[in-house]
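Chemist: If you're matching them up, the sequences are chains A and B in order. FYI, our numbering numbers position 139 of the first sequence as 140, with every residue one higher than the one before it. FYI, our numbering numbers position 33 of the second sequence as 176, with every residue one higher than the one before it.
Don't read these hints as lab results, they were simulated from the structure. Wrong hints could be hidden among the right ones.
[Said to hold, decoys possible] If you want the ones that stay clear, here's a sample from chain A, every Cβ over 10 Å from chain B, calculated:
# : residue
1 : Pro-162
2 : Arg-222
3 : Arg-293
4 : Lys-301
5 : Ser-318
6 : Glu-471
7 : Arg-583
[Claimed, not checked] Covered by chain B, per the in silico footprint, the following chain A stretches (three or more residues, Cβ under 8 Å):
#  : stretch
8  : 310 to 316
9  : 331 to 338
10 : 396 to 404
[Claimed, not checked] BS3-like cross-link-like pairs, simulated, lysine-lysine; straight-line CA separation at most 25 Å:
#  : chain 1 : residue 1 : chain 2 : residue 2
11 : A       : Lys-579   : A       : Lys-627
12 : B       : Lys-244   : A       : Lys-395
13 : B       : Lys-276   : A       : Lys-429
14 : B       : Lys-206   : B       : Lys-276
15 : B       : Lys-244   : B       : Lys-206
Note that beta-carbon positions come from the ideal geometry of N, C-alpha and C, so glycine has one too.
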Amino acid sequence: MLLIRRIEIVNFACFDQVEIRPSANPKRPLTVIRAENGSGKTTLLRAIRWGMYGEQGLPGNPGSFSLHPAAWQPDSQGIETRVSILFETDGSSRLQLEGKPTNIEYELRRSVTTVHREPSAKDEPDFRRVREEAQLLEREPDGSWVPNVHGVGRVIEELLPWSLRDFFVMDADEAADFVGGSENKEIQRHEVIGKTSFAVRALLGLEVFDSTAERVASLRRDFERDATKATRNAELAEKQAELDHVRGRLDEIEKRLERNRHERADTDERLAQGRGRLEALIGSLGAHDALRQRLTDNEKHTQRANEERRSAARELSNDLTRVEMLASLAAREVRHVEQLLQPLYDDGSIPVRHLPFVKRLLETGTCVCGQDLTSASDHANHIQEVIDRSTEQKDHADHLAEVLDAATGLGRHADGEEWADRTDDHAKAVAVLDEEINNLTQTRLDIDSKLDDIDDEEVENARGRIGMLEQSLSKIDREITSDQEAREQLAKDSNKLEGDIRAARRQEAQARDLERYEETAAMLVQVLRQAYARIQDEQVRELDAEMNALFGSMAANVFDDEAVEDNQHKATLRMIAKVGLRPLEDTSAEYEIFADNSRGRSMPPTEINGASRRILALSFVLGLCKVSRTVAPLVADSLLNFTSGSVRTNTLRVTAETASQPILLLTGSDLESQNEIDLVNRYAGATYTLTGQWQHVDQGGDVVRLTDNRQVSLLCDCGPREYCDVCERLGQAQDERCTRRQESEAPR
Amino acid sequence: MSDFFSDLLRATSHGLVLPREDDDAINRYVAMHAGDRTNVESRPFPRQVDFWAFCIATALALKLEPRDGSISRWGKTFIYTNQGIVDNDLASLLAIVAVAKIGLDDPGVTESRRIVELANRLAAAGCPEVLRKLQNSPLRTTPLDQALEFARSLQEQAYDDS
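Required output: the full structure, derived from the provided sequences and hints.
Modeler: Put into structure tokens, the structure is as follows:
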């Protein structure tokens, strides 16, 4: 168990002096340090790592990494950087299974002085560090502090080994190394396996068994050699030398086997990636056929739509020739003629309808009025004149009657409505077809573009690469098989030699005693190995189930979460059906984290996106701590990057509920939603805000008050929705969700 | 329905005429040959007689005076009436127009020669207006769209006047 009580940082990069007291309240174990990008989150993490591990806790080339304040100009007098970590343990460590009955309080103090030095080369730093000191003090029952007898290195290495630095002081990007590295980083699979296996063995206490078994096995060999020596038998000594030689070869073969297994793991991963790529490409090829079919269908539809459009346009063109339209344009003339001729029609002038009747009167010789028309009377002459005149005008009148008839017919179209309606219908039909043709054209362009994306050559290359990797894998497999056979043979030889030597040694009394020791040691080794296998099997199974449960809790609701913005991340999380830890094939001491899709196919890290990798790595860290009952701080930076919606909320909740002392460095955007704020209010026993004061408005930042023109970060204990004179940012005063803190409460 | 007027026009041969000076411009908007309907949007008129009839209607809607002067000096005959190109509907309309313009008492109002002559002069009067409209199409507007749009605007004008 380890709990951090206080962290004090003095003159470290952007920090003048800050003090953090993480929550040690088991009911509210969370400590939230809110800081915008560029405010010093990563520097804070480095300060803690430097405090714990010294120079080896620094990234890159530690010599050129400056610890001193950024604004300080190196001089001969120098400046002291100091980090002090006050922590408490229950006396247990990874190598001691039982703790002491009482808690022990330690203070780890590390300091170094930076002074100026003249660089001898252009790229060399103009400073060097001198007088690095690390001291581990232990509090005595009377309250006094005394130096710990084991020293800093041993105690820290036991409590928080350097190899597990990403485990307890976690930059989430680096923690993703447990699952193949973060998105922009590629690491070899065997390195991932090495890192994961070390963490599993260290925290599950398997190392204790392993190292004890190794030690007892070594003792056994010593007893064996001494027993042989005690016989003073030259022939036996020769056999013993031969046995040592066989064992030496066995060791070599074991090492080669391990190397080959790692190489196999890396090749296997490359093969999985290659197959994944090929699968994607072959999927594309399948899609290729479907796209071709769609293109053919599209062409048919386009042809049909164009034909229909041409037909609709012809209708429109015909509309230009319709007499209804012409008549409506000549409406004035049509109406005028109608009005002109209608009276003539009404009075019988057009057409000449009375002519046959009058002619009949002349033939009968009596007028309708009763006068006689047979003799040449005035009346008869008048009738004859009418007949003559009417006969003369008949053609003209008939023509006009036809004109009236036509005018009446065309007059019905003179308002043009019928024509306009019909033309509108035809125009609409053309517009609809235009839209359809546009859509079809767009679809065709999309299909063309997708077809262009599929590169047949790439498929062939991928197949070629897979072929080469398969050949390489098969060669490694052959070597492994051959080595395994050789190992078996050597083990037989070794057993035979051991048996022979043992039989000969029995002749000597002293040798018999030593042999009993050797036998005891051999049995102990066997017992330890069996216990190791049993515990390992059970604990790894437990860890496997725990990881899957934690991952499930963090990825819960992602299916129906509308708030998730990143579709890629959503899709990948949805694709993961099972996660866990599995032993590497053929070995008993190496493990790797896996993620399987719903079809049971293992997805290589390249197929898992940033958010999923973080969640997967976190489920491993939290699961391992839980299964191993490790009580230790989890200082994590960028934990919620790439997550959103329910995944972000779940991740924060699960971390707060599972880790024993989570200290999370979060940005304002990580805490934007009310869900996260509620979780902080519920679980956080301590909250801080880290502010880079140089982020002043004049310099493009949004901190309201410039309190110091040097590049310093200031810490106040404002919560996520609070602000004070130190951390106030633009717009915060208008934000109803934020509260101004009393000056007295505000900060250091 | 009787073919009184089409028969009248077919009975004697009179040339249908459009202005000679506009011949090339007119041909740009008329289908190149009978049955050619592949490009109706840029050549909206199936035949020259359709363009001719549209010009007459345009002249009437715009109340343009028939073109004067000797037709043989400015006109170019594109077809003769005895070829039966003028259907009865159009022939009826031409006869109506003749009555309206010449007067019902004028003995010439029933003569196909006078009817066709009046139609030719009206077509010549309307032709420049139609061509102006077609030639000044806005971008992305086809001559077919432009002709239909022009017809609609003329309709409104003629309807209001009547």
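Chemist: State for each hint whether it applies.
Modeler: Comparing the hints with the structure gives:
1. Pro-162: With a cut-off of 10 Å, Pro-162 of chain A remains clear of chain B, as the shortest Cβ separation is near 75 Å.
2. Arg-222: Check passes; 94 Å lies beyond 10 Å.
3. Arg-293: Holds, because the least Cβ-Cβ distance between Arg-293 of chain A and chain B comes to about 30 Å, which exceeds 10 Å.
4. Lys-301: holds (20 Å)
5. Ser-318: violated (4 Å)
6. Glu-471: The claim holds: Glu-471 of chain A sits with its nearest Cβ about 60 Å from chain B, beyond 10 Å.
7. Arg-583: Check passes; 65 Å lies beyond 10 Å.
8. 310 to 316: With 3 residues closer than 8 Å to chain B, the stretch 310 to 316 of chain A meets the three-residue bar; holds.
9. 331 to 338: Check passed, 8 qualifying residues.
10. 396 to 404: With 6 residues in contact (Cβ-Cβ under 8 Å with chain B), the coverage given for the stretch 396 to 404 of chain A holds.
11. A:Lys-579 to A:Lys-627: Roughly 19 Å separates the two Cα atoms, so the pair holds.
12. B:Lys-244 to A:Lys-395: holds (21 Å)
13. B:Lys-276 to A:Lys-429: Cα-Cα ~23 Å, so holds.
14. B:Lys-206 to B:Lys-276: holds (17 Å)
15. B:Lys-244 to B:Lys-206: This hinted pair holds, its Cα atoms lying about 11 Å apart.
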